[in-house]
Amino acid sequence: MGWLPRLLWRLLAVVALKLALLGIPLPGLPTVPFVLLAAWAAGKGWPELDQWLLHHPRYGGSIRAWRQHGAVSRRAKWLASVMMAASIGLTLLSPAPMVMKVILPLFLTAVAIWLWSRPEPVAQ
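Throughout the sequence shown, residue numbering follows full-length UniProt numbering, covering 1 to 124 in sequence.
Calculated directly from the structure, the hints in this document are not laboratory data.
Among the clues, some could well be false.
As the list claims (entries may be wrong) - Simulated crosslink set (BS3-like; lysine-lysine; CA at most 30 Å straight-line):
1. LYS44 - LYS18
2. LYS44 - LYS77
3. LYS101 - LYS44
4. LYS18 - LYS77
5. LYS101 - LYS77
Computed from a predicted model, the values in this text were never measured in an experiment.
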């Protein structure tokens, strides 16, 4: 792989990790999907970061479960669902444009249905 594709994969991994870090204190901005995106991008062009993420004490298990089985823990499903419901509620109470008040709940409901359709990790 040339230096430019490697640089672009690394840039995507760094941006995703920064968004994941922002998602820790900010409600409505998810953390785990950005960590998964960072791990995916790192796997394409930054093997050291990929290994670090796979062995991370907090996120490594989620990344491995996602890669091996497309699995999401029940705790993560509940947390994501609560955050999506809160985002919908805040949007409906805000002065956001009506189009956002219609599209966001539809989109997040579709995401929640997809999320709950994912298998849960097998206990090891």
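Distance restraint between LYS18 and LYS77, which requires alpha-carbon spacing of 30 Å or less
Within the cut-off at roughly 22 Å; holds.
For the pair we were handed, LYS44 and LYS18, check the Cα-Cα distance against 30 Å.
At roughly 18 Å apart (the allowed maximum being 30 Å), LYS18 and LYS44 satisfy the hint.
Between LYS101 and LYS77, is the straight-line Cα distance small enough, at 30 Å or below?
Roughly 23 Å separates the two Cα atoms, so the pair holds.
Are LYS44 and LYS77 close enough, with their CA atoms no more than 30 Å apart?
Given pair LYS44, LYS77 holds - Cα atoms ~27 Å apart, limit 30 Å.
Sort out whether LYS44 lies within 30 Å of LYS101, counting only the CA atoms.
37 Å, violated
When each numbered hint is compared with the structure, a violation occurs for hint 3 only.
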